[in-house]
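Residue numbers (the working numbering), protein chains in the order written: chain A, 2 to 245; chain B, 2 to 245; chain C, 2 to 245.
Hints listed in this document are in silico derivations from the structure and should not be mistaken for laboratory results. Accuracy of the hints is not assured; some may be wrong.
Same chains, same names: a pair is fine if it fits in one copy or spans any two.
[Claimed, not checked] Mimicking DSBU-like on lysine-lysine, the simulated pairs with C-alpha atoms at most 30 Å apart in a straight line are:
#: 1; residue 1: Lys-28; residue 2: Lys-174
#: 2; residue 1: Lys-154; residue 2: Lys-184
#: 3; residue 1: Lys-184; residue 2: Lys-46
#: 4; residue 1: Lys-174; residue 2: Lys-46
#: 5; residue 1: Lys-28; residue 2: Lys-93
#: 6; residue 1: Lys-184; residue 2: Lys-28
#: 7; residue 1: Lys-174; residue 2: Lys-154
#: 8; residue 1: Lys-174; residue 2: Lys-42
#: 9; residue 1: Lys-93; residue 2: Lys-154
#: 10; residue 1: Lys-28; residue 2: Lys-46
These numbers come from a predicted model, not from an experiment.
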Amino acid sequence: MYTFVLVHGSWHDGSAWAPVIQRLESKGHRAFGPTVAGHGKGVNKAVNHAESVRSIVDFIVGRDLTGIVLVGHSYGGSIISKVVEQIPERIKRLVFWNAFVLNDGECMNDNVPPHFRALFDQMAEDSSDNTVMMPFPIWREAFINDGDLDLAKSTYDLLSPEPYQFNEQLDLKRFYEIIHSGKVCCSFLNCTEDIALPHGEWGWHPRMSSRLGLFRLVQMPGSHETIFSNPAGLADKIIEAGRD
Amino acid sequence: MYTFVLVHGSWHDGSAWAPVIQRLESKGHRAFGPTVAGHGKGVNKAVNHAESVRSIVDFIVGRDLTGIVLVGHSYGGSIISKVVEQIPERIKRLVFWNAFVLNDGECMNDNVPPHFRALFDQMAEDSSDNTVMMPFPIWREAFINDGDLDLAKSTYDLLSPEPYQFNEQLDLKRFYEIIHSGKVCCSFLNCTEDIALPHGEWGWHPRMSSRLGLFRLVQMPGSHETIFSNPAGLADKIIEAGRD
Amino acid sequence: MYTFVLVHGSWHDGSAWAPVIQRLESKGHRAFGPTVAGHGKGVNKAVNHAESVRSIVDFIVGRDLTGIVLVGHSYGGSIISKVVEQIPERIKRLVFWNAFVLNDGECMNDNVPPHFRALFDQMAEDSSDNTVMMPFPIWREAFINDGDLDLAKSTYDLLSPEPYQFNEQLDLKRFYEIIHSGKVCCSFLNCTEDIALPHGEWGWHPRMSSRLGLFRLVQMPGSHETIFSNPAGLADKIIEAGRD
Numbered sequence: 002m003y004t005f006v007l008v009h010g011s012w013h014d015g016s017a018w019a020p021v022i023q024r025l026e027s028k029g030h031r032a033f034g035p036t037v038a039g040h041g042k043g044v045n046k047a048v049n050h051a052e053s054v055r056s057i058v059d060f061i062v063g064r065d066l067t068g069i070v071l072v073g074h075s076y077g078g079s080i081i082s083k084v085v086e087q088i089p090e091r092i093k094r095l096v097f098w099n100a101f102v103l104n105d106g107e108c109m110n111d112n113v114p115p116h117f118r119a120l121f122d123q124m125a126e127d128s129s130d131n132t133v134m135m136p137f138p139i140w141r142e143a144f145i146n147d148g149d150l151d152l153a154k155s156t157y158d159l160l161s162p163e164p165y166q167f168n169e170q171l172d173l174k175r176f177y178e179i180i181h182s183g184k185v186c187c188s189f190l191n192c193t194e195d196i197a198l199p200h201g202e203w204g205w206h207p208r209m210s211s212r213l214g215l216f217r218l219v220q221m222p223g224s225h226e227t228i229f230s231n232p233a234g235l236a237d238k239i240i241e242a243g244r245d
Numbered sequence: 002m003y004t005f006v007l008v009h010g011s012w013h014d015g016s017a018w019a020p021v022i023q024r025l026e027s028k029g030h031r032a033f034g035p036t037v038a039g040h041g042k043g044v045n046k047a048v049n050h051a052e053s054v055r056s057i058v059d060f061i062v063g064r065d066l067t068g069i070v071l072v073g074h075s076y077g078g079s080i081i082s083k084v085v086e087q088i089p090e091r092i093k094r095l096v097f098w099n100a101f102v103l104n105d106g107e108c109m110n111d112n113v114p115p116h117f118r119a120l121f122d123q124m125a126e127d128s129s130d131n132t133v134m135m136p137f138p139i140w141r142e143a144f145i146n147d148g149d150l151d152l153a154k155s156t157y158d159l160l161s162p163e164p165y166q167f168n169e170q171l172d173l174k175r176f177y178e179i180i181h182s183g184k185v186c187c188s189f190l191n192c193t194e195d196i197a198l199p200h201g202e203w204g205w206h207p208r209m210s211s212r213l214g215l216f217r218l219v220q221m222p223g224s225h226e227t228i229f230s231n232p233a234g235l236a237d238k239i240i241e242a243g244r245d
Numbered sequence: 002m003y004t005f006v007l008v009h010g011s012w013h014d015g016s017a018w019a020p021v022i023q024r025l026e027s028k029g030h031r032a033f034g035p036t037v038a039g040h041g042k043g044v045n046k047a048v049n050h051a052e053s054v055r056s057i058v059d060f061i062v063g064r065d066l067t068g069i070v071l072v073g074h075s076y077g078g079s080i081i082s083k084v085v086e087q088i089p090e091r092i093k094r095l096v097f098w099n100a101f102v103l104n105d106g107e108c109m110n111d112n113v114p115p116h117f118r119a120l121f122d123q124m125a126e127d128s129s130d131n132t133v134m135m136p137f138p139i140w141r142e143a144f145i146n147d148g149d150l151d152l153a154k155s156t157y158d159l160l161s162p163e164p165y166q167f168n169e170q171l172d173l174k175r176f177y178e179i180i181h182s183g184k185v186c187c188s189f190l191n192c193t194e195d196i197a198l199p200h201g202e203w204g205w206h207p208r209m210s211s212r213l214g215l216f217r218l219v220q221m222p223g224s225h226e227t228i229f230s231n232p233a234g235l236a237d238k239i240i241e242a243g244r245d
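Chain A on its own, in the form it takes in the complex (with noise of 0.2 Å):
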């Protein structure tokens, strides 16, 4: 049996993962869903990188989990390359969910297309605190492409604005050491509906995972956001994933 955490995506919390949650715990395992700082409402948002991945840090260690299938989904990958380079002794495997792995120096805006970017820039210099907010068009149609309306819409009500650091550049050396050496293991674990990054020269997959070296793929069916649409079946992929 295993031990999960589960790290969400940029808009999301750490909520968003108790159904995932409940069925990793039908199965025998312990899952744990932390919400990253900066993230969720009603909170400060003046959050920066380092703060966040710490957030996730402290959470491990203050509950002194070890053995751990690190998972990051997203927004998600960028804290997970972090936290392993702190505390790589107490994680396990790393699963990557449709995530970002990013090359050594490089921000999140580096590996989105053009307009991407440019609406991301656009938004934050309009909020009044530094955050973006997903659009919901964007969201119904290439987030949770396989929900139907009313899945679309009560999940836009979860969602909460996101401080912007996707131009933060990121040191990743420690992390590229910890995974080549094979000390921990990588999977990725790709939703191949998965167009919140537009498939082909952009995708997600192969373009992120490849990073990883040796790695591990699991794929099921579905959007970016099988986390409201089927997180039974992401549940079991994410097993399938992070076991051994």
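Chain A is already provided as a structure; the job is to place chains B and C on it using the hints.
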């Protein structure tokens, strides 16, 4: 409940949609499968692209259909792109099912591998009426690869020579204005074993789909001819692609 | 009903096909899984590619098999491409299951990422008998990524060192004459989670498959080793790829 207008591809006529329409109706929707001018057996084949488009516009206006989900398969993608230019107010969403999404000013032959173009040009030249017929080996291996031989043969008998519109360049400025304005939404339905256009450089998805800008991706297993090999499954995915 | 001859990949021997053969036979087909010369445990490994090819030709001619669906997996693709040159009249269809389709004059190492080639060359040089063994971490993560650890271990025990034929350049002019003439048809069976060759630039499909010209594509979920993780499902797809 939705109103679907289904526009077939080359070599087909509207009767091919019958089992799809049956399924859509059984789920409470209205659905129509008109035959594009110049298509079907025993009809005048001297029809250009604008006349083919006109026949679908006339069908829709003649029945005073509104709030339509307009679906185009293959060649039908080039038809629905021009139909929406003429009657955008009647159309709610466009669904391109492994369909041509041409760039402004392009013809279909600009979007197929050179050896296909050479084959089609030669066949049209060799014909007495500027049509091209589908060779059976291509039909069996690359179009209906998920069917058995009996299905390949029985459905081949339904095909008819195609009026050769593949070199007609289309002005699509208005089409792109409409879809980029967001007034009419777009979906792309991709059958994952469709090799009517070969996967990779010349593939349907993401090459064609990415031209739509923001679009909803829906995928299903199957060949270019799931209209014959899995009509009920196709209908269900057309609903998923076409809803809201 | 069909006669299947199944040619295994590197590190495997013919016994790996047993559950696939059982399924094929249960559906009324005949199926054979010969061991390629130089493969299996406790045999002479000083065998070149031509001798390996010869062993399969001898198997087929010795049993006077005709009307064969000849299936090659991985390395086995390079074998069946040469077998058909010698006995085209006995072969009805070639099925490449995530298999090498080499261009004329190429060796297998021309078709794998440079770091694989370097690894293999080094292993062969370090061996006493010019063989290479599959490292367990690669087996577990990139070959049998859809299996659990027990299956990964139990099947790893079945592997044996591979005679190093990966740098042998193959004359395939006759192969391409035969398949482009249409006398022998081709299918490509692609397991969608097969990362034995990494997805993208170096992937099996469409890179290898597109070399076949007109071919039938069949896909199924699974890793490079569905022969172990899902033999019944594999057999069903081999039938779909091999029929008529």
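We went through each hint and held it up to the structure:
Taking identical chains as interchangeable, the C-alpha atoms of Lys-28 and Lys-174 are never at most 30 Å apart, the minima being 36 Å within one chain and 55 Å between chains. When the C-alpha separation of Lys-154 and Lys-184 is checked against a cutoff of 30 Å, the pair qualifies only between copies, where the shortest distance is 19 Å, while the shortest distance within a copy is 42 Å. Taking the closest pair of Cα atoms, Lys-184 and Lys-46 never come within 30 Å of each other, the shortest separation being 35 Å inside a single copy and 34 Å across copies. Within a single copy, Lys-174 and Lys-46 get their C-alpha atoms as close as 28 Å, which meets the 30 Å cut-off; across copies the closest is 42 Å, which misses it.
In this homomeric assembly, Lys-28 and Lys-93 come within 30 Å of each other (Cα to Cα) only inside a single copy, at 19 Å, whereas the closest approach across copies is 44 Å. Taking the closest pair of Cα atoms, Lys-184 and Lys-28 come within 30 Å of each other only inside a single copy of the chain (27 Å); across copies the shortest separation is 46 Å, beyond that limit. In this homomeric assembly, Lys-174 and Lys-154 never come within 30 Å of each other (Cα to Cα): the closest approach is 40 Å inside a single copy and 32 Å across copies. Neither within a single protomer nor between protomers do Lys-174 and Lys-42 lie at most 30 Å apart by alpha-carbon distance, with minima of 33 Å and 43 Å respectively.
In this assembly of identical chains, Lys-93 and Lys-154 lie within 30 Å of each other by CA distance solely across copies; the values are 19 Å between and 37 Å within a copy. Taking the shortest alpha-carbon separations for Lys-28 and Lys-46, neither the intra-copy value of 36 Å nor the inter-copy value of 46 Å comes in at or below 30 Å.
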